[in-house]
Amino acid sequence: PGKAVVATGDVHFLDPHEEILRTILKHGIGWREAFEGPCYFRTTEEMLQEFRFLPPEVARQIVIENPNRIAERIEKVQPVPNKLFAPKLEGAEEQVREMTWRRAKEIYGDPLPELVQKRIEKELNAIIGNGYAVVYYISHLLVKKSHELGYLVGSRGSVGSSFVAWCMGITEVNALPPHYVCPDCHYVEWFADGSVGSGYDLPDKPCPRCGREQLMKEGQDIPFETFMGFKGDKVPDIDLNFSGEVQAKVQQYSIELLGGPSQVFKAGTVGTIAEKTAYGMVRTWAEETGRRLREAEVDRLARGLTGVKRTTGQHPGGMVVVPVGVEVEEVTPVQYPADDKESGWRTTHFDYHSFENALLKLDILGHDDPTMLRMLQDLTAEHPVPEHLRKGLRFLPDGRLDVTSIPMNDEKVLALFRPGEGARVLGLKEGQVEYDLGSIAIPEMGTGFVRRMLCETMPRTFSDLVRISGLSHGTDVWTNNAQELIRKGICTLQTVIPTRDDIMLRLMYWGIEPAMAFKIMESVRKGKGLTPEMEETMRAAGVPDWYIWSCKQIKYMFPKAHAAAYVLSALRIAWFKVYMPTLFYAAYFTVRAAGALDADLLVKGEAAVRAYMEQIKQKGKDASPKEKEALVEYEVVLEALLRGIRFLPVDLWRSDAVRYTIEGEKTLRCPFISLPGLGEAAARAIVQAREEAPFQSVEDLRNRARLNKTVMELLQAHGCLKGLPEGNQLSFAL
DNA sequence: CAGTTCAGCAAGCAGTC
DNA sequence: ATGACGACTGCTTGCTGAACTG
Ligand SMILES: Nc1nc2c(ncn2[C@H]2C[C@H](O)[C@@H](COP(=O)(O)OP(=O)(O)OP(=O)(O)O)O2)c(=O)[nH]1
Ligand SMILES: [Mg+2]
Ligand SMILES: [Zn+2]
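Residue numbers (the numbering used here): 88 to 821.
No wet-lab data here; the hints were simulated from the structure. Note that the structure is predicted; figures quoted are calculated from it, not measured. Just to be clear, a hint being listed does not mean it is correct.
To be verified - Below, a list of computed lysine-lysine pairs in the DSSO-like style, where the Cα atoms sit at most 30 Å apart:
1) K163 x K192
2) K336 x K318
3) K642 x K396
4) K90 x K192
5) K231 x K396
6) K706 x K691
7) K642 x K363
8) K704 x K715
9) K163 x K396
10) K396 x K363
11) K231 x K363
12) K321 x K209
13) K499 x K292
14) K516 x K499
15) K205 x K363
16) K231 x K478
17) K175 x K209
18) K232 x K336
Hey, can you work out the whole structure from these sequences and the hints?
Right under this line is the structure:
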């Protein structure tokens, strides 16, 4: 028998009145003249009407009967299964157990203190029982890989709540209660009564048992359940921060380790028309078709366009693992990002959150801190840490500072985050920098918002900074929430909700069932507020009104592990800002400020920089995003200048392609890339050509580095070509 | 030699942690 | 100055100048 004919409506929108949206869309992507019938979703009656030129029984057949026959033959399908496909790898469970117990005993002794023993047992049960052994083990290998490449890995995310993760080197955050521990004789001293917020805040002291000069201090006091819940009712990922210089390599390595390109994929993303594009499209359409629309009509049409799929892309770091023996298509189709076969990556067709309960993800993210710390560490080879600062620090065999030995309780470093003292620590006079604070250019601590918070809260310790880190991230965590509670005298910095763990723990303390406390924490941290049942439970338990209100305000909230990890990394960087400023600014301008600076302005010095900043400030909110970014970076430049740092112009013979290099005391040489318009490719080409042979002439430079007219003019204007003959004398000789 | 394609650069935007 | 979550990756677009093509 022949194939069934089925009538379809070529549906692109639901109702006829939405046709205008499709018209605007087609206009927006330049699909101007193509003819289309009105493609709304027709009712059965309308479909029959469309086919009235056929005999009625034929029309009924193709509109009603055939479609139903096909539909009946399709069994019930669930596109994405809701069971977890946990990855498998021979020996992974044993590796996790072995590495954890070995490392724990190495530090805490054998037999282990009961607290440690119990914690590991609980965690291993959950980790292995829920199928996480493989991703723990692989994460360990990824960290190892990065270390081999010479880059530290930044800790990130909720996995820092896992002490097993600490034992395996997946996180530097130690989730145990604050404690001293002697790695030599295994003396341990716990502070489990809440008297100390963080092990890093304990005063330094020698081992009372064996006399070791300095005890280890650890413990951020974090419950494991923030990571995995109580009954495996949460499928978390493992997050790691890698330097951008190795991120792609590590992602590739994860594919290799977990079964190859048939089992590991980058998570895909779906790019849609969002607000700005929608408004742009509506306005352009109105303009080009000579319509004048009321604002309300523009709003209405723009809202109608948002959410329409435009392209596909790559997740910033998520590598999704399909167990060997399972086909990825059981969970999601696979594709290329933006359908680009040359991309080098294959991505999941569905986005991560649509299958997060089915497949595990390793989030191999990029972060500037590891890049900064690598550069700073490297710079200590040529610019060694001065003698008077070396006490308590460790050094690598080649003499570079081991940045992981930087202390977390250095008074001067902590003073950066308090107004007045911050500026003094930097050697600045009162009023020279805003709020007399030292936190600009310290990651996540230097924005205007955080600086004002610092002024109000005056942190003294690592644990204060962890609270501030939590409070300064997420909408309505500080403003319209904790800040008000503190101002009204209802709370202090020590009693507001700083991180999501605090919610679960305090609700349990108030007598709420762990499972419910966990559910409330998850709901609140995702900005979903409280269901009536949750609120009811809280009131019944006697949770104060302000606490319930505070929970409802929160739109997003860090886990404590993440806050601790970020403060740890920030303080390492801050140590350089205090003690080795030239190195610090060299690394900062290289890594963080790359695109925003202009060597022409840098070399002109303070007055010119101030004038430029003033110019941008005048523009207020009319300043472009680029200018706003520049304002941020030039504030750091200004601080550097005030601390006596000088900038030397780009020099054809001395400049690096992309790095600010140190040329003598407090002096930075601008890199080629600091000339706007001269990009990374050109910068690297110049340096490569220079290394092959000295430039004979302007022409020689242009030919060998394959520079275009624009770049040559830039170099000329900046004075880089001074003293270089125009033509190539050798070529004249020929 | 005009027209087309391509690489490099920057900006705008979106998505995600 | 306001009020403010911060920081990251990647896709598209527009522009420029140079290389390629017929
Ligand atoms: N500032 C800021 N940081 C975020 C945001 N979303 C995520 N992060 C940071 C903090 C998170 O702990 C970290 C990892 O993100 P994840 O999506 O993996 O969440 P997290 O690990 O906290 O919980 P999980 O157990 O994986 O569900 O990235 C955000 O909206 N703002
Ligand atoms: Mg996570
Ligand atoms: Zn000891």
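Let me make sure I understand: some of the numbered hints might not hold for this structure. Which ones are they, in numerical order? Of the numbered hints given earlier, those the structure breaks are 1, 2, 4, 5, 11, 15, listed in rising order.
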